[in-house]
Every structure is written in C-alpha cells, then in structure tokens.
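Number of protein chains: 4
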Amino acid sequence: MPQSKLYMHKVERDQLTGWPDLAGRIEGKVHVLPIRVYYEDTDFSGVVYHANYLKFCERGRSDCLRLLGVHHNELHGTASFVVRRMVCDFLKPATIDDVLHVETRFIECAGARMELAQQIKRGREKLFEAKVTVALIDADGKPKRIPPDMSKRFLSRVESKN
Amino acid sequence: MPQSKLYMHKVERDQLTGWPDLAGRIEGKVHVLPIRVYYEDTDFSGVVYHANYLKFCERGRSDCLRLLGVHHNELHGTASFVVRRMVCDFLKPATIDDVLHVETRFIECAGARMELAQQIKRGREKLFEAKVTVALIDADGKPKRIPPDMSKRFLSRVESKN
Amino acid sequence: MPQSKLYMHKVERDQLTGWPDLAGRIEGKVHVLPIRVYYEDTDFSGVVYHANYLKFCERGRSDCLRLLGVHHNELHGTASFVVRRMVCDFLKPATIDDVLHVETRFIECAGARMELAQQIKRGREKLFEAKVTVALIDADGKPKRIPPDMSKRFLSRVESKN
Amino acid sequence: MPQSKLYMHKVERDQLTGWPDLAGRIEGKVHVLPIRVYYEDTDFSGVVYHANYLKFCERGRSDCLRLLGVHHNELHGTASFVVRRMVCDFLKPATIDDVLHVETRFIECAGARMELAQQIKRGREKLFEAKVTVALIDADGKPKRIPPDMSKRFLSRVESKN
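So the sequence lines, in the order shown, correspond to chains A, B, C and D. Counting from 6, one number per residue, gives the positions in the first sequence under our numbering. Counting from 6, one number per residue, gives the positions in the second sequence under our numbering. Counting from 6, one number per residue, gives the positions in the third sequence under our numbering. Counting from 6, one number per residue, gives the positions in the fourth sequence under our numbering.
These aren't lab readings, by the way, just hints derived from the structure by calculation. Computed from a predicted structure; not experimentally measured. It is possible that part of the hints are untrue.
Identical copies carry no separate label here, and so any pair may be met within one copy or between two of them.
[Unchecked claim] Taking lysine-lysine pairs in the DSS-like style, the calculated list, with each CA pair at most 25 angstroms apart, reads:
no.: 1; residue 1: Lys126; residue 2: Lys136
no.: 2; residue 1: Lys157; residue 2: Lys97
no.: 3; residue 1: Lys126; residue 2: Lys97
no.: 4; residue 1: Lys157; residue 2: Lys131
no.: 5; residue 1: Lys97; residue 2: Lys136
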C-alpha cells in the first residue's frame, strides 16, 4: 500500500472520527497515549491490577503503530506482531480515576524483531516500565522479516544515543 | 461425529488430564462449575466487578457444552454460538477467595436459539442470576439451525415443568 | 461541595490534563464516550467478547458522572454506586481497531436508584444496547437515598417524553 | 494463628467444598494449578492474549499460598503481597479449550521479598515462563519483613540446588 494511501487510511480512521487524540500523539520520538483508570482496571487491594499495565502498554503499541500507518487488519491474514519477552517493573500503584500516560519508544528494529521501551506515568511519576521484544510472525507462527518500508518507519523514530 | 467418538474426545480432554472435575459436573439436569474468586476478578470497591459474572457464566456454558460433547473447535470454521441477550440480576457481592458455583440449566432449544438460566451461588446464597439467549450462527453471521443431534442432547437436559 | 468547586475539580482532572475529550462529551442530554477496540477486547471468534460491552458501558457511566461532577473517590468511604440489573442486547459484533461510541442517557432517578439507557454504536450502526439499574449503597451495602443535589444534576439530563 | 487452625481453615475452604483440587496440588516442591482456556482468555489472533498469562500466574501464586495456609483475607488490612518485577518469556501460544498447568516454585525468601519461578505448560510443552519478585508491604505501601513462620513455610518448599 503506498504511503499516501496509508496516510488517507489513518486520516479516515482517526482524524475524521471527531476525536483527534483518540490514538494519542507522537511527540518527537515518543508516542504518548492517555489512559483513564476505570473500575475494571483495579482490584480489591485498591489499586490497578498488575497485569493490566501490560494491557495499557499493548494499547500504546497498537496506537503508536496506527499513527505510523500500520494497522492490525492490514497485517492480519499474512502476518502479525506477537510479544516474545517483557521485563516489567512495577514501581508505584495507580488508582481509580487516575489519568496515566503510556510512553512508547522504539529502541531497535532488525530482522523479525523490534525492541521497545515503555513507561507508564502519572504526571512526572513513573509507575511502571517495561522492555518489550516484539516479533513479526507469519500465519504458521514462523518469524518473518519486517518489511523494509515498515522497519524504516520504526527506525526513523529511534532516538539517537549521542 | 458419532456419540462414542464424542465421548472418547471428552474422556481424553477432561478425565485423562488428571483433574476430573475441571469442567464441573452435570448433576441431574443442572451443570455445576466451581469458580474461585481471584484478584483479577475484584475491583477497588472490594468485591467482584459486575461484568465478571458474565465471564463466569460463559465458563459455565462452555464446560456444560463440553461435558455434553460439544466443543468450540469442532463447531468453529462452520458455525459458532453467540450471546444475543442477557437479563442480569446482581443480587449480592462476591469477594476474594470465595468459592462460587455457576449453575447452568437449559430452558428451551428451537431453531437457531437456546434459552438458558444461570445462577451464581456461594453456598446456598444466590449472588447473581441471568436469563441467556444464545444463537448458532454460520461463518457469515447468519442464524443457523442447531443440528438435531445437538439440540436433542440439550433438550434431554431440560427440566420438565410438571 | 459547592458547584463551583466541583467544576474546578473537573477542570483540573480533565481539561488541564491536555486531553480535553478523554472523558467524552455531554451533547444535549446524552453523554458520548469514544472507545477504541484493542486486542484485549476481542476473542478468538474474531470479534469483541460479549462481557466487554459491559465494561465499555461502565466506562461511559463513570465518565458521564465525572463530567457532572460526581467522582468515585468523593463518594467512596461513605457510599458507592452498584449495578443491580442489566438487560443487554447484543445486536452486531464489533471488531479490532473499531472506534465505538458509548451513549449514556438518564431515564429516571428516584430514592436510591437510577435507570439509564446505554447504546454502543459504530457510526450509525447500533451494536449493543442495555437498560441499567444502578443503586447507591452505604458502607454496609444498604440502599441509600441519592443526595438531592446529585439527583438534581442527573434529572436535568433526563429527556422529556413529550 | 497456630498451624492447626490454619489447616482447619484450609480444609474448610478447599476440601470441604467438594472440589478437592480447586486450588491445585503441591507435588513435592512444586505447586501445580490446572487452568482451562476460555473465550475470555483469547484474542482475535486466535490464541491466548499475552497479558492473561500473568493472570494465570497470579492464580497459581494465590492457590499455592492458600495450600500453604496463607490467605489474602488474613494478611489484608495489615499487609499484602505485591508484584515488583516480572521477567516474562512468551514461548508458544495456547488456544481455546486447552488445559494448561501453572507450575510455581519458590526460589528465595528474604526480608520483605520472595523470588518465584513460574511456568505454564500444555502437557510437556512449555508455553510461558516468568521470574517473579513479590514484596510484602504494609498499609502505607512500605516494605514489611515477611513473618518468620510464613517465610519458614515458603523456604521449606525451596528446591535445594545440589
């Protein structure tokens, strides 16, 4: 699909819905997604249930890819991204009604794999962070090289280390 | 699939796993599934999050069908059961560590539809009840007549009203 | 809490976060909340898992109350809203990447109870609808009269039937 | 609480429910919990949603503690266990109707912290594994030394490395 058509697709789905920030924003090299904590996210201990931070991160990755023009539906059938590894640090608890920010950064992209760094913050407080390894697999579950035009889009978002 | 093969399938998946009651039990006309309340099921108000009772009911229906020899995997591709309507009464709250019983009863089965009555209890206390309408649909989402040998198995479990 | 302070609270939590529509919008008598369908919301049949529509509705109710100045944290300790009854019709399936709208309308508010009507739409297509009975309960789980200044705010949003 | 009373508590809650294996079994040094994969656990890609393996692990830890006589309700109010860190490897996908086994092993227990190793298997296939760091915290969220009689019970389950 040519870049222009991808862009139209994105415009149609996100901007034209009338909710311009529904998929968050790309600010420089970082994708930021706001998330409200609802009843469903908490547990009886009074705070967000630990596994739900992984859901929040997945929403962040999905919307980051969306804003870069990569849609689940387009990939699906032929290939899909799956999580291979997550190193998760649960630093501080979030509570009901909180507005959180999921920050997603590309660290590396090579072959069939991507490395991402994700953080969940409440204002300036870091509540959660994760290193995430994602792989592209084909319909048989075998690793598949990330298409060059796609990896190019990811790599353009990698922060230089200098 | 002949009844005997269905039975072997059930035996293989449930009895031979070494956890004989994992899919609950059919006691007379009623299927009973025990469910433990874990952290994930509760919310910050201290009790089970309301939508999770619907998950518990779906587990009950799945395991009831399983013990009657109807497996998701067999149906899938050609047809699947979907929930059309649920009338849900949330009577009393369940809390962490509770052992609940999901009771599933067939009320009716005709054409593409089944009516079920489900209750969630803690001991003798009724905490939740629902009337559930389930429909069989084909791959295009259109209603599909429940195969006679399947509806026969369901109807044999309907309590007579006399 | 005086109306002005409630308003400041709302402003602080929602407008000043930099994500003005995070809690949706009140359009006339209807609260509208946009919701994106993510991986977590779907199941292996390819569409949104039925119980998750109840989660979407709860998000809609929470944000509707939020925009009317009623916060979970304020009520909690002394009282909280619980769902007593839901009559749910599952009309059409939603799929991954869909943008849905949860519409919430107040139907009635008397004593300890509120009746709401909720719909989930994709564009003009209605996918799900529910009648919801919510009750205010005290710390012991007993019904508690909805405070007059609160019910007044709800009733001002009830559509007249003429 | 004396050991005998803890045991009675366990007996009452688990054995006397009539579902003897509901909390799994301790086999030597390993706690094993069987888990059925239901609709709710899968996503539209056809397999179990990645974050749900963390839920399965939490069920395993809860039931392991339960069989060792440690109940959420007893700790709560004064202290609770929280997950600090999880290193998760997603090896192979699980699918609907699968029977999985969550294996939980104690690795270390010192001060306010416990290290556990968890695996999720389908038969002999390892699908998921995690190293989990859990901390005991008091009502203010501060680390709290694990009581000696409790850590003794955990340490008695640590496999010797020889």
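Outcome of the hint check:
1. Lys126 - Lys136: both (15 angstroms within a copy, 24 angstroms between copies)
2. Lys157 - Lys97: neither (35 angstroms within a copy, 28 angstroms between copies)
3. Lys126 - Lys97: within (10 angstroms within a copy, 31 angstroms between copies)
4. Lys157 - Lys131: neither (30 angstroms within a copy, 34 angstroms between copies)
5. Lys97 - Lys136: The answer is both: 17 angstroms in one copy and 19 angstroms across copies each meet 25 angstroms.
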